[in-house]
Each structure stands twice: as structure tokens, then as C-alpha cells.
Amino acid sequence: MWESIRRWFDPRELRSVGSTPDYRFSLANERTFLAWLRTGLALVAGGLAAAQFLPPLPLRHLREAIAIALLLLGGAVAVRAVDHWARTERAIRLGEELPASRFPAVLALTVGLGALLLVVAVLLRALGGR
Amino acid sequence: MTGPSAAPRPARDPGLQPERTRLAWRRTALALTVVTVLAVRLAFTGDLGGVLLAGVTLVVWGAVLPVCWRRGTGTGPARTGGRSLPLAALGAAALAVLGVALVLRGLW
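The listed protein sequences correspond, in order, to chains A and B. If you read the first sequence in the numbering used here, its first letter stands for residue 1, the second for the next number, and so on. If you read the second sequence in the numbering used here, its first letter stands for residue 131, the second for the next number, and so on.
If you are wondering where the hints come from, they were derived from the structure by calculation, not from laboratory data. Errors might be hidden in some of the hints.
Example chain A residues on the side facing chain B (calculated, C-beta under 7 Å, incomplete) [to be verified]:
| # | residue |
| --- | --- |
| 1 | TRP8 |
| 2 | ARG24 |
| 3 | SER26 |
| 4 | ARG38 |
| 5 | GLY40 |
| 6 | VAL44 |
| 7 | GLY47 |
| 8 | LEU48 |
| 9 | GLU64 |
| 10 | GLY75 |
| 11 | VAL79 |
| 12 | ALA81 |
Every residue, glycine too, gets a C-beta built ideally from N, C-alpha and C.
Just chain A, same shape as in the assembly:
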């Protein structure tokens, strides 16, 4: 783990493999990284907002659990973004296939499932509160 973190911070190592590609490919890769980073920051912002703007929920500590889940998901998205950027950059320089990833699908399913659970919770509360 520390080895890969060290490698992210060492641009010489990345530049030593393969050949320098058309700079537009590198810029596109960088923008994709930034878009993922903003996705992670949006999840973090959602977690921080849930912690301070949601009213206390009927289930004990549910609000805090939602907040922490969003925060951890956001942090994971940010770290994974830089890892994926480095692996993509390496593949572009070597002329290889771009790295495939299950992460977008997993993230989409997680967010979708979380939203569905909250819809069920809201409906149950609306029906039970009559």
C-alpha cells in the first residue's frame, strides 16, 4: 500500500515507462480523474450535510450511520481515482488496453440500493404515521 502511495507521488517513475503520448490523451485522463475526485467530494459533502442538517431519525444513530457510510464511500472514491489515473496513464504510455474496472458499477449499485432503502424508510414512516 505504501509502495503504491510512494509511486503516485513520483512522477519520474511514471514518465520512465513507454513513450510520451499525445498530450491531449493525458489531459483527458486528468479530467477524468478530476471528475472522479469531485464525485468523491460530493459524497463527502453529502455525508457532512446529513450529519448536521438531517433531523434525528426514528432508528437510533441511523443519521450518523448514513453520514459515515457516505464519508467512507467518498474517501474510497478519491483514493481509487488517483490509482485508476496512474494505471490509465501507464497503459496509455505503453499503448496497452485501458484498465477495466468494476468500481463504477459497484458504486452505482451501492448508491442506488441506498436510495431505494431510504425510499422504503420514508414510505414506511408515512404509512405508519397516519
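Mind docking chain B on chain A? Use the hints.
Chain B alone, transformed into the frame defined by chain A:
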């Protein structure tokens, strides 16, 4: 021969890639600032621990924002890669960890 296409034009990038990348860095800087504001608001509870956590949050913001801003300004060919990317990502991860600490702190 007259007309606009007579002389070879300097190479230009119709995709405006350097500009788009700079704007992406600026948007990221803005998102980072929003997260920092939310974290500082959550941290301030009036006691010393809250002030300390708010201070740490502001230190992370102060370390990462200049990096994003430097990549987001200027003209001419854009730089690619470098240490700014892992630094920005680790800054975001640090804010996430700080957020978890702030939420857990609110529980007791």
C-alpha cells in the same frame, strides 16, 4: 493568392483541452472549499476539541487549494500529471476521515 487558408496556420487545438482541464481544476477547488465549509461548520461546537478539528480541516484546505488553483490558472499549454493529482486525492480522503471523526465525536 488571397484568402484565409493561403498561409499555413499554426497548429491549434479545436478541443480546447488545456482550458477544459484548467476549468476542471477550478471546479475541483470549489468543491473542496464547499466540503471544508461544511466540515468547519460541523466542527464548531464551542469547545477546544472542535476548534482543533476545525483548525486541522483548514490546514488540509490550505495545503490543497493552492495546488488546485495553480493548475487552474495561466495560459498556454497545460501541464499534465505530476504530484498535484495524488495530493488533491489524499486531501479529499483526509477530509473524509476528518468528517468521520467529527460525526463520531458528535455521538458522545
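Now for the hints, and whether the structure bears them out:
1. TRP8: OK, holds: TRP8 of chain A within 7 Å of chain B, min 4 Å.
2. ARG24: holds (5 Å)
3. SER26: At about 4 Å, which falls below the 7 Å cut-off, the nearest Cβ of chain B leaves the hint on SER26 of chain A intact, so it holds.
4. ARG38: holds (5 Å)
5. GLY40: Since the shortest Cβ distance to chain B is 5 Å, the answer is holds.
6. VAL44: holds (5 Å)
7. GLY47: holds (6 Å)
8. LEU48: Given a least distance of 4 Å, the restraint on LEU48 of chain A holds.
9. GLU64: GLU64 of chain A check passes; min Cβ-Cβ to chain B is 5 Å, inside 7 Å.
10. GLY75: Check passed: Cβ of GLY75 of chain A comes within 3 Å of chain B, closer than 7 Å.
11. VAL79: OK, holds: VAL79 of chain A within 7 Å of chain B, min 5 Å.
12. ALA81: Nearest chain B Cβ about 6 Å off; hint holds.
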